[in-house]
Amino acid sequence: MLLPPTSSSTRVSRRRRPARWGSDRGLPVYVASRVAAVVPLILAVTFVCFLLVHMAPGDAWTRLEANPDVSRSTLEAFRARFGLDRPILVQYGLWLRNVVLRGDFGLSFESALPAFDALFLSGRLAWTVLVAGSTMLVALAFAIPLGVWTAARPRGVVDRLGAALEFVLLSVPAFLLGLLLLWLLVAVRVGDLGLGVGGLFDPRYLGAPWSWEKVGNLLWHLWPVWAAAGAAEGIGWARQTRGSLQEALADPYVVTARSKGLAERSVIWKHALRNAANPLVSMAGLSLPRLVSGSLVAAVVFNLPTVERAFWQAVQAQDRYVVLAGLSFFTVFLAVGNLTADLLLVALDPRIRRDA
Amino acid sequence: MTCGRTRTVFAARRGATVVLAILAAACALAEFLAPYPYDEQRNEHAFSPPTSIRFHDAAGWSARPFVHPFRMENDPRTYERRIVEDQSRRVYLRFFAHGAPYRLLGVFPADVHLFELGDAESGARVYLFGADALGRDLFARVLVGGRVSLVVGPYVLLLLIPLAALLGGLSGYCGGWIDFVLQRLGEVAVALPGLPVLLVVGAALAARHASPIVSLAAVLGALVAIGWGGMARVVRGQILSIRQRDFILAARASGAGHARILCRHVLPHVASYLAVSATLLVPGTMLMEASLSFLGLGVREPMTSWGALLAGARSLAAVERSPWLLIPGGFLAASVLAFACLGEAVREVEAGRASGRGSARRSRARAIPD
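Protein sequences appear in the order of chains D and L.
The numbers in my numbering rise by one with no breaks, and the one at position 265 of the first sequence is 265.
The numbers in my numbering rise by one with no breaks, and the one at position 31 of the second sequence is 1031.
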């Protein structure tokens, strides 16, 4: 999260390997220990989040307590259920027990819905998965061909443009990019396609059944989101692909492949790129936090009905259990994402497997 | 990395230094440069577009710049906010005119402004960048907001680098249970979802009614508290490898204490990494502060920053009606880009130094004044 925007610092060396483990233990032990280590980590992080959320005075619970329309018995029931008048450690224990045993994340004191429902339901989780997933896929689909193209033609026009673009895009915050796109769309007004901003559909498609026009309208609404939340990621990955592919192309096996008469396309895509893929995986893991903050900001700018936006609203309303559910969601997403990247690295690289 | 590339990098660095120096000077002298205080509200001027400064109108040319007095009104049918200029009158700009009193650099009392409008009694005003929703001068707000935006990077750097060096150093040099505890703490810090957590901290401080500056300082403190993990881990790794080297053994054999070994023998080796991460840290911090303030939970009213000013353009209606509210974004992007250029230059120098082939480059680096 704190990583500076110039990706040069986040750029990973081709030889990078995941955290070292004892060479006397086998691969399954490594995988199991990595998976097991995530659990205490998530517990510790949620505990820190719990403390942070309870730092605020005058949150939604305090407002509920002060509300004369709420009966004393209701308040007593909440106190008993969440241990609200007991020490914070007990409260955390109760919260954790409810989450683990019953999947109960507490209650939204604003809407009286269960916190889980207030944050994830009414399609929010699905939209988040769709928006974040498509942003990532589009960024990759743009980054890898561009990286390969520029690696094969270093110091060409595209390469120089890419280097400049990397610098600029990593210096423009996602929300500013979003605002500029908003302004552009307002100023240009493309035909009768509608503005394509504010929510995921034009109003006339909101209640309509799914059709090709509706999907087209969705894509028309999604591209500014991809651009705002994914541009920095995409260009960073493209530069990373270029760097590690160039390193790989200098290796002797590439000379061998070329001298036995393989087509250049096959040399690049089948021989070099597979060896250059590892740092890309590490970097994808490292850039997950930026994906979270980018999609949070994009959800606010473009008014998307996603989990991120519901989280932002809950933060403003100081709705403690909804905020906590949101923080847990982001934490689990990041932890699992990083774990996946590390394990994928082991799966991809036979050298790491052999060491294990 | 040829000489040509290095030359480009240093040309970019010189450009970046100039841009930042000008921006910093302009922000420091905000009260003098801007005609009006940044928090003075004129509700009747809400959403004024940037005032056109003219040299020519129907009556002919003028050597002195002037503006037409204007007022804002709502269209009776559409309620659209629009500007009505009185084309028959000219109000001339006056330079070094007396206006609202202020303290220059927070010390010297003064009331001279770089430019102002001639007659104060007509109520005519000049808004170089337009006005915001409360009729405040956006030009003044951009300059004052720049103080926050430009200072957060160095502020976090001054807190974070020593902290990461200390904790990473302790962890690597002492080893044992200290290392274990610090490592686990660092892992938790790295695993925290950054922006969401900072939003929660910002909201809590807002609810506690902390003063705007105190709450911003505290939010940035939280940024430091969750940001040290990654850097400390690298420092620890470097120190672990340095600790094994012969010169450390030699120093210990000649009777040097821990403090002396750390300061004289270990730290210089880590300094290069710290210098590079310090310069690369600044743009990241600026972007984070901007995002926080944009989401309304960083710096608070009446104080402002470039990110907070952009929050005024958060809705489609605002962007459509008053695109000049996006002007602070240009300042934000330009200064982040300038800091990134500086960081890249430092990285290049350190990379050259590390590879031992950088003597020519290094002398060039010295030849360019900072």
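Since the hints were made in silico from the structure, they are not lab data.
Each residue gets a CB set at the ideal place from its N, CA and C atoms; glycine is no exception.
Check before you lean on any hint, since a few could be wrong.
[As the list claims (entries may be wrong)] Listing some non-contacts, in silico: residues in chain D with all C-beta distances to chain L over 12 Å: (1) 79; (2) 86; (3) 102; (4) 117; (5) 144; (6) 182; (7) 217; (8) 271; (9) 308; (10) 335; (11) 338.
[As the list claims (entries may be wrong)] Covered stretches of chain L, going by a simulated chain D footprint (3 or more residues, C-beta under 8 Å): (12) 1053-1062; (13) 1081-1091.
Verification of the hints:
1. 79: Check passes; 21 Å lies beyond 12 Å.
2. 86: Non-interface label stands for residue 86 of chain D: nearest chain L Cβ at 21 Å, farther than 12 Å.
3. 102: holds, 24 Å
4. 117: Given a closest Cβ separation of 20 Å, the condition holds.
5. 144: Residue 144 of chain D is indeed farther than 12 Å from all Cβ atoms of chain L, at 25 Å.
6. 182: Nearest chain L Cβ is 5 Å from residue 182 of chain D, so the label is violated.
7. 217: About 17 Å separates residue 217 of chain D from the closest Cβ of chain L, which puts it past 12 Å; holds.
8. 271: holds, 26 Å
9. 308: Contrary to the label, residue 308 of chain D does not stay out of reach of chain L, its closest Cβ about 9 Å off (not over 12 Å).
10. 335: violated, 6 Å
11. 338: Non-interface label on residue 338 of chain D violated, nearest chain L Cβ at 8 Å vs cutoff 12 Å.
12. 1053-1062: Since 0 is below three, the answer is violated.
13. 1081-1091: violated (count 0)
Violated hints, in rising order: 6, 9, 10, 11, 12 and 13; the structure is consistent with all others.
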